[in-house]
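Visitor: Let chain G serve as the given structure and place chain F on it in line with the hints.
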Amino acid sequence: MDNNQNVDVPTKQSQTNRKKIIFIEDDEMLVRAYQNKLTMEGFEVDKALDGEEALKQLQEKKFDLILLDLMLPKVDGFTVLEKLRASSWSSAKKPVVVFSNLGQESDINRAKDLGANDYLVKANLTPNQVVEKIREHLK
Amino acid sequence: MENNKTEETEKKSAEIKDFLVSVIGNAPIGIMTINMGEIITVCNQSLLGIFKKDISSEEAINQPISVFLEKVPSLLKAIDHAYLKGRQSFNMPMVSYEDRFLAIRARMIADGMLFFIDDITDNIAHSKEIDQISCMKDDFLNIAAHDLRTPMSVIRANTEMILGGDYGEIPAKFKIPLQDIDQSNLSLIKMVDDYLTIGRMEKGKITITPQPMDILPILNFHVEYIKPLAEKRGLRFDYIIPVKLPLVLVDSNKIPEVIANLLDNAIKYTDKGLINLKVSVNKDSIVVAVTDTGIGMAEGQQRTIFQKYAQIDGKKRVAHGKGTGLGLGLYISRLIVEGCGGKIWVESELDKGSTFYFSLPLAKTPKATNTNTNNH
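Residue numbers (this note's numbering), protein chains in the order written: chain G, 12 to 150; chain F, 2 to 377.
Okay, chain G solo, but in the shape it has when bound:
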């Protein structure tokens, strides 16, 4: 895994009760920025760069929260969400926070109908606001 570009960062939580997040996003630079941010804030972060990879990881591992982009290569985010919710995987009922640049009402409604807990438009939030939202859903 090519995680070496990430900086070593002090974390705010002890190793034992770290919440595990999967960030499903195809833009590697955005993944890097948010992987750093979320790690600093004390989360454990796995990434998936396309929908297929995301489904594979969701099937194999358990996550406390899913941070999900919608426009993804191979399998789009709507489908990932639909399959997760219909599955018997360990994360099937965990909060899904959509993190997309599709800001249309129709996209937001579709994602919510499929079982998304929140819908964030990437460009419109500061990293701190994103962390805050994630914490809310992990309470």
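Keep in mind that the hints are not guaranteed to be accurate.
Below, a list of computed lysine-lysine pairs in the BS3-like style, where the Cα atoms sit at most 30 Å apart [claimed, not checked]:
#1 F/K279 to F/K269
#2 G/K123 to F/K191
#3 F/K279 to G/K144
Derived from the structure by calculation, the hints contain no laboratory data.
Guide: This is chain F only, laid out in the frame that chain G set:
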């Protein structure tokens, strides 16, 4: 004497006739007349060309229209109908004839009907092409605007993390350049947002749903938001807001954008003096007024400022250091306010300042609504 006069008159009318024949014969539009018996009486060269008739005008004259136009049954039908109704004039803006499109105008004359027939096939093809290009352009700009958001979110995340000290303390001299990067990027994000919002509003993908609401909390929120920004620019900020406001009909998701927009503009275009926010209650509406002592606008501009892509005069903006913006903010505000049933307008004087107003209709009192409901 008598004879001379008759000769002269005859000569003159022969001249007029030649002149008219020449005008009609050479007109670049198909001209034809028929008599009451639906027989062709006049027919020019252009008309023969349109219907691909390889005959002379003389040969066409005296032909029954039903034979001459047998391939254009819709026109024959329209003529029959017009004769039945007492030779009524009619227009047929687009009639298909073989692989062509014709525009036909028919007018009644003393002893029959006069037709002007134009081949508009090329015009139609041209306007279709323009429509197609315009759609492609819209699609392209929407995709481009959307794709711009991803790199802008990367810039935003990284800049704000560095500025926020996530990677450790930053040297003081980096702070302002980093803030400038962040601010410029936020302007870009706003521009792209506005562009996408307009597209969606125009396609009806964003609907405005006005509901009775107290806008006092929204106003107070914006007062707190704008205070430090005004202070930072060395401007005084005053406000007069009643302690209680009646309910108005607004879309609670959209109206904050209008208030923010007017206040942001006031700050953006004012170098010194003050910004004033005033809310007043009228008989059937409340009026929000944002006054500034900024660059103002000439009268011509006041009329167009709420249109799409409208902007303060280019040179003035540049001189003011405001080279950015798409001129969509006030257009969006207008769509929102009008969508709520209100009005938006401006009073301004060049170099003196502006006051932007918008009104929102009062919601009917709950009492009245209850009475209505109880009647069911």
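Visitor: All the hints need checking, so say for each whether the structure fits it.
Guide: Hint-by-hint comparison with the structure:
| no. | hint | result |
| --- | --- | --- |
| 1 | F/K279 to F/K269 | holds, 19 Å |
| 2 | G/K123 to F/K191 | holds, 25 Å |
| 3 | F/K279 to G/K144 | violated, 35 Å |
In this structure, the one hint that does not hold is number 3.
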